[in-house]
Amino acid sequence: MLAIEYDVTPEGVIELVALVNAVEEDGADPDGEAWLTWRRSHEDGGLGCAPIPPDDLARMEGTEDPEALRAIVESVILADRQTKEEVAS
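All letters in the sequence shown, in the order written, are residues 97 to 185 by the working numbering.
Among the hints, a few may not be true.
What the hints assert, rightly or not - Have a look at the derived ranges for each label pair, beta carbon to beta carbon: (1) Ser137 with Glu160: 33 to 43 Å; (2) Leu174 with Ala154: 17 to 27 Å; (3) Glu120 with Pro150: 11 to 21 Å; (4) Trp134 with Asp103: 10 to 20 Å.
I should point out that these hints are in silico values taken from the structure, not numbers from a laboratory.
For each residue, glycine too, the CB sits at the ideal point set by N, CA and C.
Construct the complete structure from the given sequences, taking the supplied hints into account.
Below, the structure written as C-alpha coordinates:
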(Lines of atoms letter the chains of each structure in order from A and count residues from 1; the text may use other names and numbers.)
(Lines give C-alpha, C1' and ligand atoms only; values in the text may rest on other atoms or scores of the structure.)
Protein backbone atom coordinates (compact mmCIF):
# COMPACT_ATOMS: atom_id res chain seq x y z
CA MET A 1 0.00 0.00 0.00
CA LEU A 2 1.25 3.43 -0.92
CA ALA A 3 0.27 6.51 1.07
CA ILE A 4 0.72 10.22 0.54
CA GLU A 5 1.92 12.39 3.41
CA TYR A 6 1.10 16.05 3.00
CA ASP A 7 0.78 19.34 4.84
CA VAL A 8 -1.70 22.14 4.34
CA THR A 9 -0.32 25.61 4.98
CA PRO A 10 -2.35 28.26 6.84
CA GLU A 11 -3.05 29.75 3.40
CA GLY A 12 -4.61 26.45 2.29
CA VAL A 13 -1.75 25.40 0.00
CA ILE A 14 -1.16 21.63 -0.12
CA GLU A 15 2.48 20.58 0.12
CA LEU A 16 3.51 17.02 -0.70
CA VAL A 17 5.78 15.66 2.02
CA ALA A 18 6.34 12.06 0.91
CA LEU A 19 5.06 9.01 -0.88
CA VAL A 20 5.30 6.19 1.64
CA ASN A 21 5.40 2.47 0.96
CA ALA A 22 3.45 1.38 4.03
CA VAL A 23 4.02 -2.35 3.55
CA GLU A 24 6.47 -3.99 5.93
CA GLU A 25 9.67 -5.18 4.24
CA ASP A 26 9.02 -8.74 5.39
CA GLY A 27 5.47 -8.63 4.01
CA ALA A 28 3.93 -8.95 7.48
CA ASP A 29 1.56 -6.02 6.90
CA PRO A 30 0.51 -6.21 3.24
CA ASP A 31 -2.34 -3.71 3.58
CA GLY A 32 -0.26 -1.17 5.54
CA GLU A 33 -2.71 -1.07 8.46
CA ALA A 34 0.05 -1.14 11.12
CA TRP A 35 1.75 1.86 9.52
CA LEU A 36 -1.56 3.75 9.22
CA THR A 37 -2.33 3.04 12.88
CA TRP A 38 1.13 4.29 13.86
CA ARG A 39 0.74 7.37 11.64
CA ARG A 40 -2.64 8.23 13.19
CA SER A 41 -0.97 8.28 16.63
CA HIS A 42 0.87 11.51 15.72
CA GLU A 43 -0.21 14.97 16.83
CA ASP A 44 -2.30 15.56 13.71
CA GLY A 45 -4.13 12.25 14.14
CA GLY A 46 -3.16 11.19 10.64
CA LEU A 47 -4.90 14.19 9.09
CA GLY A 48 -2.01 14.69 6.65
CA CYS A 49 -1.92 11.11 5.42
CA ALA A 50 -3.91 9.67 2.52
CA PRO A 51 -3.79 6.01 1.50
CA ILE A 52 -3.85 5.76 -2.29
CA PRO A 53 -6.83 3.70 -3.51
CA PRO A 54 -5.90 0.74 -5.77
CA ASP A 55 -7.48 2.27 -8.90
CA ASP A 56 -5.54 5.51 -8.43
CA LEU A 57 -2.35 3.60 -7.72
CA ALA A 58 -2.78 1.65 -10.98
CA ARG A 59 -3.26 4.95 -12.84
CA MET A 60 -0.13 6.38 -11.19
CA GLU A 61 1.90 3.33 -12.15
CA GLY A 62 0.58 3.51 -15.72
CA THR A 63 1.65 7.06 -16.50
CA GLU A 64 4.94 8.78 -17.10
CA ASP A 65 3.30 12.17 -17.59
CA PRO A 66 4.21 14.44 -14.63
CA GLU A 67 1.02 16.48 -15.02
CA ALA A 68 -1.17 13.37 -14.99
CA LEU A 69 0.67 12.11 -11.91
CA ARG A 70 0.25 15.48 -10.19
CA ALA A 71 -3.49 15.45 -10.98
CA ILE A 72 -3.92 11.96 -9.51
CA VAL A 73 -2.05 12.88 -6.32
CA GLU A 74 -4.06 16.09 -6.00
CA SER A 75 -7.37 14.25 -6.42
CA VAL A 76 -6.39 11.69 -3.75
CA ILE A 77 -5.43 14.44 -1.29
CA LEU A 78 -8.55 16.52 -1.94
CA ALA A 79 -10.81 13.49 -1.51
CA ASP A 80 -8.97 12.62 1.71
CA ARG A 81 -9.36 16.15 3.08
CA GLN A 82 -13.04 16.26 2.19
CA THR A 83 -13.70 12.95 3.95
CA LYS A 84 -11.76 13.96 7.07
CA GLU A 85 -13.34 17.41 7.26
CA GLU A 86 -16.83 15.89 6.98
CA VAL A 87 -16.04 13.52 9.85
CA ALA A 88 -14.71 16.41 11.99
CA SER A 89 -17.89 18.47 11.52
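Going down the list of hints, with the structure as the test:
1. Ser137 with Glu160: 33 to 43 Å: holds (36 Å)
2. Leu174 with Ala154: 17 to 27 Å: The hinted range 17 to 27 Å holds for Leu174 and Ala154, with Cβ atoms some 19 Å apart.
3. Glu120 with Pro150: 11 to 21 Å: With a Cβ separation near 18 Å, Glu120 and Pro150 satisfy 11 to 21 Å, so the hint holds.
4. Trp134 with Asp103: 10 to 20 Å: Given about 18 Å between the Cβ atoms, the range holds.
Against the hints set out earlier in the document, no violation occurs for any number.
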